[in-house]
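Trainee: Protein chains in written order, with my numbering: chain S, 1 to 114; chain V, 115 to 228.
No lab work stands behind these hints, which were simulated from the structure alone. Don't take each hint at face value.
Here are the computed lysine-lysine pairs in the DSSO-like style, where the Cα-Cα straight-line distance is at most 30 Å [claimed, not checked]:
id	chain 1	residue 1	chain 2	residue 2
1	V	LYS178	V	LYS155
2	S	LYS111	S	LYS17
3	S	LYS101	S	LYS17
4	S	LYS17	S	LYS71
5	S	LYS17	V	LYS134
6	S	LYS57	V	LYS128
7	V	LYS155	S	LYS1
8	V	LYS180	V	LYS134
9	V	LYS178	S	LYS71
10	V	LYS178	S	LYS101
11	V	LYS155	S	LYS71
12	V	LYS155	S	LYS17
13	S	LYS1	V	LYS178
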Amino acid sequence: KNQVEQSPQSLIILEGKNCTLQCNYTVSPFSNLRWYKQDTGRGPVSLTIMTFSENTKSNGRYTATLDADTKQSSLHITASQLSDSASYICVVRPLGGGGNKLTFGTGTQLKVEL
Amino acid sequence: GAVVSQHPSRVICKSGTSVKIECRSLDFQATTMFWYRQFPKQSLMLMATSNEGSKATYEQGVEKDKFLINHASLTLSTLTVTSAHPEDSSFYICSARDPRGEQFFGPGTRLTVL
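Please put together the full structure from these sequences, using the hints given.
Mentor: In structure tokens:
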């Protein structure tokens, strides 16, 4: 069964600090892996997308890494801001016929405090 | 990037009434749209796949007579929650699949059934 597990479940950090969120997946083969940011009461917004052949992708203060051998991905947030407080979801798109059905992680709830 | 809208963003209704939620792809045609449901602090759960011009495909455990889906055009899918009850209160999110196969999410609709 395809699974995506994220850790930690929740995280509190001080403004200006860095943090790293983890994602372990069993989906194989896969088309791509995305990290989404979901603010409370809003839909998910894509931060980064990586195919299986990519190791890292940056988007401003967000940097995602991918290790296809260990089936792990991470999202690193640099110099956190209060507006970074949100749920961060790792989503894997399978390759092939099951490509329509995305596999969602349970998310990491990040809170950035003063 | 691709934009998906939902309407309404919030709706409050009385128990027993029906509620329609619209999902539109604003700058691309989507032969396939998806409807998700999200409970607090949980990830998105796929309810059904909406195919333009044909019947929707429902996930196991989702009542097709309760959650009516219509995908009448390449840019519009609707979800109607029939005879809504308080347990139907949730956050409903749609996504639209672009020609490359990528899904883009709408901003979500908060349904509260009194």
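Trainee: Where does the structure disagree with the numbered hints, that is, which hint numbers, in rising order?
Mentor: Hints 3, 5, 6 and 9 are the ones this structure does not satisfy, whereas the remaining hints hold.
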